[in-house]
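Colleague: Make a model of the complete structure from these sequences and hints.
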Amino acid sequence: MPERAPLRIAFTNIPRRLWAGGHNYQRNLFEALNRHAPGSVTPVLFAGTADDAEEIAALAGIPGVEVVRSQVFDHAPTGLARATDLARAIAFGQDGPAVAEFRLRKIDMVFESARFFGWRLPFPAVAWFPDFQHRLLPQLFSRSAYWRRDLGFRVQIASGRHIMLSSASALGDLKRFYPGVSNGVSVVRFATEPPARLLTTNPFDVIAGYGLPPRYFYLPNQFWRHKNHRLVVDALDLLKRRGVDIVVAASGSTLDFREPGRFEAMMQEVKARGLETNFRHLGMIPLDHVYALLRASAALINPSECEGWSTTVEEAKSFGVPMLLSGLDVHREQTEGRARYFGIHDAEALADHMSQVARSADPGIARDLLPNLEERVKAFVADFVRLTADVMKNPEAR
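So in full-length UniProt numbering, the last one in the sequence shown is 398, and the numbering has no gaps at all.
Treat the hints loosely; a few may be bogus.
[As the list claims (entries may be wrong)] Okay, derived cross-link-like pairs now, BS3-like style, lysine-lysine, Cα gap no bigger than 30 Å in a straight line:
no.: 1; residue 1: K271; residue 2: K240
no.: 2; residue 1: K106; residue 2: K393
no.: 3; residue 1: K240; residue 2: K106
These are computed hints drawn from the structure, not numbers from a lab.
Modeller: This is the structure in structure tokens:
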């Protein structure tokens, strides 16, 4: 029998500056598919003409990945433009220019992430719902942004998309917020396997380069309100009042189109509290520096008010880095109780955890990948490949 050709799946590029977690998710998925299921899937990445050339080149360098650059996949600059794109896909039944590109590249299946290609899309499709942040934290969304996001979810459900979730917690939210869903639904918990080329940088050179002390905590979250950086600043303030001097190194994009100027206002508050040496924001840093700082940190902090399946937590698990996490259901599910937890408004509990970890942390150690990592990543890949096979067998998955 002839060998079955790889399944050609269309992905749209997620720029790291807009959503680091989504960017890292796709990069990790492509790497893991190549390593653990070679020949099963060909990811075809459709990127905009203005997307970062270095990021695209790194993704194109993953064996088995094809990249297509087209104006059709340029990112809409405003909420109005995004709403217009969604309205067009609904009104005409399909995003014609995108469908033409998919046909030209002989696509078998489409992976939708934050973009709807139409209820008459002539390909099987999987809709990835990372989380339900707009329903859990509606106060963070303008009225138009809330309804645009909710409408996107509803039309994907109504169009019969197979829905992919990353956690049992998200599955519970789906059933609560969209009761009666009859679509196929799969929970695919991802595991991350950082590529070896990003682990060759000496962590202690990176620490010295950023002027950090040997003992520090790491917070690699984008500077969005729901990521809850303020709680960490409040905890550092409490610690300083107790005479405990602790440093948190934060990294990630400061861009949030919903709240321009939020980062600057927060850093002014840090300065007003006299915490400039305690809360240090490093900006967008190279991925090899991210891994270096994570591996040598006293602990990862993720104080987020909402998560789907945290990339930063998954990366910390890969190295066995201690974790201080907000007590979300998904955080407890993801770590199976193997972390320290605190309430999303409880700065005192976080300060206590930081003080305890700082006293016991052994600086000068850079952790390596844990031996059980490969089995977790294999399970993630197997679940994803099984999902795509199931969708291809189901002619209603449109």
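Colleague: Give a verdict on every hint.
Modeller: Hint by hint, here is what the structure shows:
1. K271 x K240: Given that 30 Å is the threshold and the Cα spacing comes to 14 Å, the pair holds.
2. K106 x K393: Holds, at about 18 Å.
3. K240 x K106: violated, 60 Å
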